[in-house]
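**Student:** For the record, the sequence lines run as chains B and V.
According to our numbering, the stretch in the first sequence is residues 20 to 322, in order.
According to our numbering, the stretch in the second sequence is residues 20 to 322, in order.
These are computed hints drawn from the structure, not numbers from a lab.
Check each hint, because a few of them may be wrong.
If chains are identical, the list can't say which one is meant, so a pair holds when it fits in one copy or spans any two.
When the alpha-carbon atoms are kept at most 20 Å apart in a straight line, the in silico SDA-like pairs for lysine to any residue are as follows [as the list claims (entries may be wrong)]: (1) Lys137 <-> Leu116; (2) Lys222 <-> Ile206; (3) Lys137 <-> Asp123; (4) Lys137 <-> Gln261; (5) Lys211 <-> Lys259; (6) Lys100 <-> Leu119; (7) Lys100 <-> Ser282; (8) Lys100 <-> Ser113; (9) Lys137 <-> Lys246; (10) Lys211 <-> Pro221; (11) Lys274 <-> Pro136; (12) Lys131 <-> Ala120; (13) Lys152 <-> Ser113; (14) Lys131 <-> Ser149; (15) Lys304 <-> His204; (16) Lys292 <-> Glu203; (17) Lys312 <-> Gly283; (18) Lys137 <-> Val285; (19) Lys131 <-> Phe115; (20) Lys137 <-> Ala120; (21) Lys259 <-> Val134; (22) Lys252 <-> Glu174; (23) Lys131 <-> Tyr107; (24) Lys246 <-> Phe74; (25) Lys259 <-> Pro221; (26) Lys292 <-> Cys317; (27) Lys211 <-> Gly255; (28) Lys259 <-> Pro202.
Protein chains: 2
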Amino acid sequence: MRELTCRLEKIGYQFYKIVKSHYEPLSCRGISFSFQSGGTTVPLEHRAVRFIDNFSTGSRGAASAEYFLEAGYAVIFLHRKEALLPYYRHFNCSQFLEHLAVNDERSHVSVKDDVVPKLLSVLLRYQDVSNQKRFLMLEFTTVTDYLFLLRAAAEAVHVIGRNAMLYLASAVSDFYIPSTELPEHKIQSSGKPLTVTLQAVPKMIGLLVQDWAPDAFIVSFKLETNKELLLQKSEGALDKYQHNVVVGNVLETRKRQVIIVTSGEVEGVAISKEELHQGVEIELKLVDNLAKKHSRYCRETKE
Amino acid sequence: MRELTCRLEKIGYQFYKIVKSHYEPLSCRGISFSFQSGGTTVPLEHRAVRFIDNFSTGSRGAASAEYFLEAGYAVIFLHRKEALLPYYRHFNCSQFLEHLAVNDERSHVSVKDDVVPKLLSVLLRYQDVSNQKRFLMLEFTTVTDYLFLLRAAAEAVHVIGRNAMLYLASAVSDFYIPSTELPEHKIQSSGKPLTVTLQAVPKMIGLLVQDWAPDAFIVSFKLETNKELLLQKSEGALDKYQHNVVVGNVLETRKRQVIIVTSGEVEGVAISKEELHQGVEIELKLVDNLAKKHSRYCRETKE
């Protein structure tokens, strides 16, 4: 716990430095915290061999963060370790050796010509953003890591008020096993069925809105597999937590369409077949929509 | 199911081609099937949002496969999607953009000098092995994928008898939810506790030894968190399945020591502090030990 507290203090300080160095130049472009990627894990043992995870690759968050950066935001990207990252997401890491060539003397390594155009395009954008120090990446794995980071981030961003956007695109575990109920050692398999009882993870959005970052522009996500439930669950979340936006999507169609729910309005955002064919990503449209809403929010007088 | 059967047929054919093309030149160096990496997943819903996973990064399998390849084996590397891979494992994929440089005209990408020596060393070995077509990689994710691949691999390797080694380093799920008991849609979180009942996954080693590849040299692994149980569980597995070797290890010390259990003998293999400091990996010693045992096995008359 002490180690985690120290780590949080370091992170809090990193957040603070980012916030301080970017506040002036950015005016209404806030700091976007991107809570993204591969979901959180729930250990099933203290000396964790097994855990519950979810399917999330972090695709939504990684793509969105890139568009927020291109739109001028500073982004603190909290991500699941090993999940997709902005810029890196365009490449298949498990094949990069295939894109390198060795000269005849076996003394030098170069990048093969066919991959240079794409690499150059992404690398230049990545370097620009890194040189401007507008991009910080921090990892989490378990749901506990995530919740601690969320709180540290929110408290750090409190100082820039409405200029902050909290983009809660992470697939946070809904169920977990409290520390006191975790078995110490690896659960032994004896051929018999195993029953596991999981408790609900407390929802943090309420705390974010009420206490930790009450002025921030807060965007949460709803993922359903059953499209009949989507609108009701999205509106329900907004109603319950009283934050700014819920972005709703159905598992099978999440890369092609989303709904954007605000109080009193539901917008559909989609990619046409033609756009899909041209490589347009839905996050381009989603981020554009949210950045405009965030700008308006910054200009409103606080009630 | 039809798609999976077609895929299996294709894989079976790939295996067959590998086996055919390497049998002669390799004599007693068999085909090593490396069943490695990140463990298998157990979906918790049909339209799977959540699943049970395990901690395994595939480090043991990826390192071992590299040493088997260096020792002259042909390796069919069945691995969890996204897990560590031979050769690639030496690099941190989430930082590769940092190792590239752009020229002043912003027209060309090159590899930075400081990383060239290490890259060159690994790349040359990787290219040699690829050019000799001794290395095939195949992915799995769920425990079902894995079991199907295991069976296809074992049946394909049947033809080279004792020359085949099955290296079962995968962290296979012990528990799963049968298809008929899986909920269709994403389990809704309502604030109430959730109880999940899991059945034991049938152990395949018995089928491998009895039916699928009775002549192959079969190596299985035992991982425990409680070192008091290690020897008993390792010997128990060998006794139960009557295969060739059990490699036992304890979670916390698995990179520094293992036990190698054969009928009638238990050997300890370890890395000294000095060796650790020099970057010696335990898989170097483990693979050397097993390759020697496999050679002896090939020379023995079949009972």
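**Student:** For each hint, tell me whether it holds in the structure or not.
**Tutor:** Going through the hints against the structure:
1. Lys137 <-> Leu116: So Lys137 and Leu116 pass the 20 Å test inside a copy (16 Å) and across (13 Å) alike.
2. Lys222 <-> Ile206: Result: close only across copies, 16 Å inter versus 28 Å intra.
3. Lys137 <-> Asp123: Intra 26 Å, inter 18 Å, cutoff 20 Å: inter-copy only.
4. Lys137 <-> Gln261: Classified as neither; 42 Å inside a copy, 53 Å across copies.
5. Lys211 <-> Lys259: between (42 Å within a copy, 17 Å between copies)
6. Lys100 <-> Leu119: Neither: 26 Å inside a copy, 22 Å across copies.
7. Lys100 <-> Ser282: neither (34 Å within a copy, 41 Å between copies)
8. Lys100 <-> Ser113: both (16 Å within a copy, 10 Å between copies)
9. Lys137 <-> Lys246: Neither way: Lys137 and Lys246 sit 36 Å apart in one copy and 50 Å across, limit 20 Å.
10. Lys211 <-> Pro221: Close across copies (11 Å), not inside one copy (32 Å); limit 20 Å.
11. Lys274 <-> Pro136: neither (26 Å within a copy, 41 Å between copies)
12. Lys131 <-> Ala120: Both, since 6 Å and 14 Å are each at most 20 Å.
13. Lys152 <-> Ser113: Intra 28 Å, inter 18 Å, cutoff 20 Å: inter-copy only.
14. Lys131 <-> Ser149: Result: close only across copies, 17 Å inter versus 25 Å intra.
15. Lys304 <-> His204: neither (48 Å within a copy, 28 Å between copies)
16. Lys292 <-> Glu203: Answer is neither; intra-copy 52 Å and inter-copy 29 Å both fail.
17. Lys312 <-> Gly283: Classified as within: same-chain Cα gap 14 Å, cross-chain 72 Å, threshold 20 Å.
18. Lys137 <-> Val285: The answer is neither: 37 Å in one copy and 54 Å across copies each exceed 20 Å.
19. Lys131 <-> Phe115: So Lys131 and Phe115 pass the 20 Å test inside a copy (10 Å) and across (15 Å) alike.
20. Lys137 <-> Ala120: Both: 17 Å inside a chain and 14 Å across chains, each within 20 Å.
21. Lys259 <-> Val134: neither (49 Å within a copy, 52 Å between copies)
22. Lys252 <-> Glu174: For Lys252 and Glu174, the Cα distance exceeds 20 Å both inside one copy (28 Å) and across copies (49 Å).
23. Lys131 <-> Tyr107: Close inside one copy (18 Å) and across copies (18 Å); limit 20 Å.
24. Lys246 <-> Phe74: Within. Shortest intra-copy distance 18 Å satisfies the 20 Å Cα cut-off; inter-copy 33 Å does not.
25. Lys259 <-> Pro221: This pair counts as within: shortest intra-copy Cα distance 14 Å, inter-copy 45 Å.
26. Lys292 <-> Cys317: Cα proximity of Lys292 and Cys317: none, with 35 Å in one copy and 58 Å across.
27. Lys211 <-> Gly255: between (41 Å within a copy, 18 Å between copies)
28. Lys259 <-> Pro202: neither (35 Å within a copy, 27 Å between copies)
Violated hints, in rising order: 4, 6, 7, 9, 11, 15, 16, 18, 21, 22, 26, 28; the structure is consistent with all others.
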